[in-house]
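K.L.:
On the provided structure of chain A, position chains B and C as indicated by the hints.
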Amino acid sequence: MEGLFYNVKYGYIEGIVRGYRNALLTSQNYSNLTQCETIDDVKLQLSPAYGDFLSSLPPNPSTSALANKTTEKLVAEFRYLQANATGSLSKFMEYLTYGYMIDNVALLITGTLHERDTRELLERCHPLGWFETMPVLCVATNIEELYNSVLIETPLAPYFKGSLSHQDLDELNIEIIRNTLYKNYLEDFHNWVNTQPDIAGTPTADVMTEVLEFEADRRSINITLNSFGTELSKADRKKLYPNFGSLYPEGTTMLSRADDVEGVRIAVESVADYKTFFDQTGLSGGGSGGVGNMSGGAGGESRSLEDLFYQKEMEISKLAFTRQFTHAIVYAWVKLREQEIRNITWIAECIAQNQKERIGNFISVF
Amino acid sequence: MAAPASQYKDRQFLAVIGDEDTVTGMLLAGVGHVTQPPDSQKNFLIVDAKTQNADIEAAFDRFVTERKDIAILLINQHIAERIRHRVETYTAAFPSLLEIPSKDHPYDPEKDSVLKRVRRLFGE
Amino acid sequence: MSGSGAREAVFPTRQSLGLMKTKLKGAQTGHDLLKRKSEALTKRFREITRRIDEAKRKMGRVMQIAAFSLAEVTYAVGGDIGYQIQESAKQARFRVRTKQENVSGVFLPQFESYTAESNNDFALTGLGKGGQQVQRCRETYARAVETLVELASLQTAFVILDEVIKVVNRRVNAIEHVIIPRTENTIKYINSELDELDREEFYRLKKVSGKKQRDAAESELERANEKASASKDQAEEEAADAGDSQDLLGDKDNEDVIF
Chain A
1 MEGLFYNVKY
11 GYIEGIVRGY
21 RNALLTSQNY
31 SNLTQCETID
41 DVKLQLSPAY
51 GDFLSSLPPN
61 PSTSALANKT
71 TEKLVAEFRY
81 LQANATGSLS
91 KFMEYLTYGY
101 MIDNVALLIT
111 GTLHERDTRE
121 LLERCHPLGW
131 FETMPVLCVA
141 TNIEELYNSV
151 LIETPLAPYF
161 KGSLSHQDLD
171 ELNIEIIRNT
181 LYKNYLEDFH
191 NWVNTQPDIA
201 GTPTADVMTE
211 VLEFEADRRS
221 INITLNSFGT
231 ELSKADRKKL
241 YPNFGSLYPE
251 GTTMLSRADD
261 VEGVRIAVES
271 VADYKTFFDQ
281 TGLSGGGSGG
291 VGNMSGGAGG
301 ESRSLEDLFY
311 QKEMEISKLA
321 FTRQFTHAIV
331 YAWVKLREQE
341 IRNITWIAEC
351 IAQNQKERIG
361 NFISVF
Chain B
1 MAAPASQYKD
11 RQFLAVIGDE
21 DTVTGMLLAG
31 VGHVTQPPDS
41 QKNFLIVDAK
51 TQNADIEAAF
61 DRFVTERKDI
71 AILLINQHIA
81 ERIRHRVETY
91 TAAFPSLLEI
101 PSKDHPYDPE
111 KDSVLKRVRR
121 LFGE
Chain C
1 MSGSGAREAV
11 FPTRQSLGLM
21 KTKLKGAQTG
31 HDLLKRKSEA
41 LTKRFREITR
51 RIDEAKRKMG
61 RVMQIAAFSL
71 AEVTYAVGGD
81 IGYQIQESAK
91 QARFRVRTKQ
101 ENVSGVFLPQ
111 FESYTAESNN
121 DFALTGLGKG
131 GQQVQRCRET
141 YARAVETLVE
151 LASLQTAFVI
161 LDEVIKVVNR
171 RVNAIEHVII
181 PRTENTIKYI
191 NSELDELDRE
201 EFYRLKKVSG
211 KKQRDAAESE
221 LERANEKASA
231 SKDQAEEEAA
241 DAGDSQDLLG
251 DKDNEDVIF
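If you're matching them up, the sequences are chains A, B and C in order.
Here the first sequence stands for residues 1 to 366, numbered as in full-length UniProt numbering.
Here the second sequence stands for residues 1 to 124, numbered as in full-length UniProt numbering.
Here the third sequence stands for residues 1 to 259, numbered as in full-length UniProt numbering.
For reference, chain A alone in the conformation it holds in the complex (with noise of 0.2 Å):
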């Protein structure tokens, strides 16, 4: 039934991202890349797939300089469908891109905190998290200004609103602000796919709860698995669980409670897959080391938790072009391409720094 009046919408958008689709590097492509010798010979290698924004770099770029033309790319694209989106999905790419904004709302913050001139950070904020009334931020010089006056006005005001007071952007640990923002962000647009008429029912919703649910878990237990050693106290970690998930409630409850790794472990049990991933990286075994490590140094060929969870990412990305119909795909897009960009910037790390041995560490697709 959804089908019927979607290629009418939104038909043009859909072609357009599974058109962008079919341009992502291939593992064909990441092993002609693995193979070079040189930054230039990767910009070469990519000079197919991204052309024009990599010609104006200067021979051999420094891998930061090859990660900003290639995300360019990614905004221009994202920018282009956005410009073309009505209706739901304009709205869906509006929450794709809170995301970001909460990234460089936090940055702001950071930046009034410490009163630096925060124009020239600016340029650092995320592109994607760029929205109208982000200059005006910069306007603020205090943070009960900046709170009162301008955040209020940002698309993210009601993530702040409730669970932030401006008191709390003074006294509190500028990530545990970011995480919240991010929970309640997550949970807003878990509520909105689940609840929009347009949505609720529909492939979106189901593929996009499968996603916020996957991304909610996994905030979940990073954080958990972050905060063993820090001064975060587990009531208050609590609070940066999203209250939805494969987790939720009774694996966040443990989780809340875990003093370890182990009792992570525990925690996530009941999901197969994460059982799977811990499993994997040698860590029901109780060992502390090892975490995140991107398999570094002894760990060898193992992967790290946090590799996993991005490959699980990538496979739910991939899975969701199978469906018709949906927003997500513009979604699994984004996170595909996102990963792309950490693939080329990896690679043209390990090529700079002369650590060949390490290249094959990315996580590759298609």
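Simulated from the structure, these hints should not be mistaken for lab results.
Heads up, a few of these hints could be off.
What the hints assert, rightly or not - Quick list of simulated restraints, FRET-style, between CB atoms:
{"id": "1", "chain 1": "A", "residue 1": "Tyr12", "chain 2": "B", "residue 2": "Lys111", "range": "52 to 60 Å"}
{"id": "2", "chain 1": "B", "residue 1": "Thr89", "chain 2": "A", "residue 2": "Ser27", "range": "51 to 59 Å"}
{"id": "3", "chain 1": "A", "residue 1": "Pro59", "chain 2": "C", "residue 2": "Arg57", "range": "27 to 35 Å"}
Claimed, not checked - Here are a few chain B residues that sit away from chain A, every Cβ distance over 12 Å (derived from the structure):
{"id": "4", "residue": "Ser40"}
{"id": "5", "residue": "Gln52"}
{"id": "6", "residue": "Ile56"}
{"id": "7", "residue": "Ala58"}
{"id": "8", "residue": "Val64"}
{"id": "9", "residue": "Thr65"}
{"id": "10", "residue": "Asp69"}
{"id": "11", "residue": "Arg84"}
{"id": "12", "residue": "Thr89"}
{"id": "13", "residue": "Phe94"}
{"id": "14", "residue": "Lys103"}
{"id": "15", "residue": "Asp108"}
{"id": "16", "residue": "Pro109"}
{"id": "17", "residue": "Lys116"}
Virtual Cβ for every residue (Gly too), placed ideally from N, Cα, C.
P.N.:
Just chains B and C now, with coordinates in the frame of chain A:
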């Protein structure tokens, strides 16, 4: 003939002049220190393509002469290269000046002021 | 006087000769000791330079590994954490203290790194994503900085030793090429001066004794003359006496004997 203790007993910090990645890494290691307000002084300087040589020199001077609490000054070699004359003429023992490689500029022993002195001394 | 070199302004007396001889001996002992010190320091110095060379190369590798771990962070976090790190740096956790090591009487400072017990500024960095990489990167960089601190110790030792060796060598050379020759010159000078004095004295003595002899001869002659005139008078007297007595004898027709 040894340096008097007063010259270094208060020196407990490291200072960094480097590109963003180097400084970030050093800060992660925990060398970063910002003195109490109001005159919050950082012990690190991030140099990018836009940074003026004069600013680097000013920071260099601040770290080696004004600040008495810095024991070691780390400077990226490619940045030292930009103020080479200052680095060459700096011979004091405290703070100790160390040229370090950066991500994009691997270490070149040929350019190091200290190693140059070593070579000169042994007439190589 | 040996005019071939500088000498000290002393009066050429036997006392200052004694002093100079002691000084020369002292200078030679000092020279030997300093030379030995300089050799010990130079040995140490060469060792340090060798270690610096090694450490600098090692540093290249260590820093590369560290830079790479930062790349891992960028990969895992999926963004730039630089600014956040810069802004959250407050109190140095990684500090150094300085202790001293005594090498042949030279105090070489050595840096020793320690971690201050202040709270961790970056504990929550990457909380949602990539936290483990951040922590690992922190450790990698901490190790790298430790290597750098070690290198800094060596380098400071290098700078100080360089200075000290220069001073010692300058002293050795000063003793060898200035003080010892000068003292020797002084001794020579004093000796020659003393010899000169000796010769003068001898000549004077000779002169004196010559004069004395002449005086003695003169006085001898005088005495002899006196003696002679005295004997003539006596003879005259005797003659007169004889005349008188002749007269007494009555032969007045005899001519007077005139001398």
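K.L.:
Against the earlier hints, flag every one the structure doesn't satisfy and list their numbers going up.
P.N.:
4, 14
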